[in-house]
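Enquirer: The primary structure of each chain is shown beneath.
4 protein chains.
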Amino acid sequence: MAHVHSLKVRYAECDMQGHAFNSHYLTWFDVAHTEMIRAVFGRYEDIVAAGVEFVVAEANVRYRAPARFDEDIDIHVLPREPGETSLTTDFEVRRGEDLLAEGWIRHVCVDATTFAKTPWPDELRSAFGEVSGTA
Amino acid sequence: MAHVHSLKVRYAECDMQGHAFNSHYLTWFDVAHTEMIRAVFGRYEDIVAAGVEFVVAEANVRYRAPARFDEDIDIHVLPREPGETSLTTDFEVRRGEDLLAEGWIRHVCVDATTFAKTPWPDELRSAFGEVSGTA
Amino acid sequence: MAHVHSLKVRYAECDMQGHAFNSHYLTWFDVAHTEMIRAVFGRYEDIVAAGVEFVVAEANVRYRAPARFDEDIDIHVLPREPGETSLTTDFEVRRGEDLLAEGWIRHVCVDATTFAKTPWPDELRSAFGEVSGTA
Amino acid sequence: MAHVHSLKVRYAECDMQGHAFNSHYLTWFDVAHTEMIRAVFGRYEDIVAAGVEFVVAEANVRYRAPARFDEDIDIHVLPREPGETSLTTDFEVRRGEDLLAEGWIRHVCVDATTFAKTPWPDELRSAFGEVSGTA
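Protein chains in written order, with our numbering: chain A, 1 to 135; chain B, 1001 to 1135; chain C, 2001 to 2135; chain D, 3001 to 3135.
With the rest of the complex left out, here is chain A (with noise of 0.2 angstroms):
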């Protein structure tokens, strides 16, 4: 099942339409995966103490309809089995039923000194599966 993370649309993400400008639904998702993380696991930091961090390697988003101006908005983050390396994350963006955004993050992991890839360290990989319902 998914985490979900609450926010509301702050009044320096909104441009001159009236929305959320596009570049900031990926510091959504960042936050959001942030907040899945310590859900299932700990601190981000921790994770960068124990040697690894992650990196993104791909990211999309589709922007179905306007999220505006002090809205209360969720994003839904659900990890999918991850890779020897890397692992994809889906993200949905809901304004209560309505489905604003859609999008989906590939991270890489990494050696936090050498930044080369990586194996995710086995208590992350079952921390994912944990979220998604495959551990």
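It cannot be assumed that every hint is accurate.
[Stated by the list, open to error] Under the rule of at most 25 angstroms between Cα atoms (straight-line distance), these lysine to aspartate or glutamate pairs were calculated in the DMTMM-like manner: (1) B:K1008 - A:E71; (2) B:K1008 - D:E3035; (3) C:K2117 - D:E3035; (4) C:K2008 - A:D72; (5) B:K1008 - B:E1071; (6) A:K117 - B:D1122; (7) A:K8 - C:D2072; (8) C:K2008 - A:E71; (9) A:K117 - A:E35; (10) B:K1008 - D:E3092; (11) D:K3117 - D:E3035; (12) D:K3008 - B:D1074; (13) A:K8 - C:D2074; (14) C:K2117 - D:E3130; (15) D:K3008 - D:E3097; (16) A:K8 - C:D2090; (17) A:K8 - C:E2071; (18) A:K8 - C:E2081; (19) A:K117 - B:E1092; (20) C:K2008 - A:D122; (21) C:K2117 - D:E3092; (22) B:K1008 - D:E3081; (23) C:K2008 - A:E45.
[Claimed, not checked] Not close to chain C: a few residues of chain D, all C-beta gaps over 12 angstroms, as computed: (24) V3004; (25) A3050; (26) G3051.
It should be emphasised that the hints constitute simulated quantities derived from the structure, not laboratory data. This one's a predicted model, so the numbers in the text were calculated from it and none came from an experiment. C-beta: ideal position from N, C-alpha, C; glycine also.
Given the coordinates of chain A, work out where chains B, C and D should sit on it, guided by the hints.
Expert: Positioned in the frame of chain A, the structure of chains B, C and D alone reads:
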């Protein structure tokens, strides 16, 4: 042939990993798209004044190597053949010969007042063709 | 008594020094100001719908200690006695008992259509007093 | 004489009022400050590599008239006489002859490793004087 817009990575755009944060690439794509439009047609505000706006329907970025603070990067912008109301534009982020990222944005043409989908005006359609070399 | 709005520092807000970049404090002040207005009056959009807007005339931030990624911070918001058309609001950024930054923003009340200076509506004026305890 | 850095206001920087949002001025000041340093001394990274960093201790902006999307603006940067460990720099944002905003940033020189206050290196101190004409 792609339109090229150059910019320098800002300190405020770089994160604790020392890399430009992923969401800023979409802002760069937007800046470069505005410049492509200017090169073949004119100012974005004149398009709005003429009654239509661009809305982002989908965006994709594939990050290949990090862009760092103070680096000079080139954003290559190449519109594909436009549809009736949509236009997909390809982007490449290059530092010299190195490809740092590539992606695309699918815009939809909307009425500037009602935000309802509307066909691309002929002048815009032929301007896109001028960049892509299909006009 | 100050209105307090809590938020968590986003990864995208932190720079290569590992600190929240200085410009984001003004965005946080804006978010917290919106929440202060909501607490004593209502939604910012309802103010705009009623015919006036807030415009920022001057801003000041004194940075005392860095805010870092993932930290929970509290923004304290305390409007001073409003002038005819202006209002200065004091802000403090605290992490628990620690004062990380303090500052103020001077807003001006403008007509939502012409953007000309206009006196604060009485309901807003008394709402500000309600927060500051001068009403 | 002030160092001048020119930039074009980005769509993503403009809010629902059609104006550049107030926090972005601090990002522009930072960009222009980096260019001033480059003009008289060299790259900011070389300063860090040499062992010191700039930290922002206080910032002030007075907004006089809005900057709008796609406008070409000039940021004028003029350092004052540096203190032992601090430096206040004045900024003006101009569109042609029009003054849109003015402000200042007080930086403190810190050790790049410990982030403890440290005196400005002599080469930087004389570089500041070169811009301000006091050297």
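Enquirer: Please write out, lowest number first, the hints stated earlier that are contradicted by the structure.
Expert: 1, 3, 6, 14, 18, 20, 22
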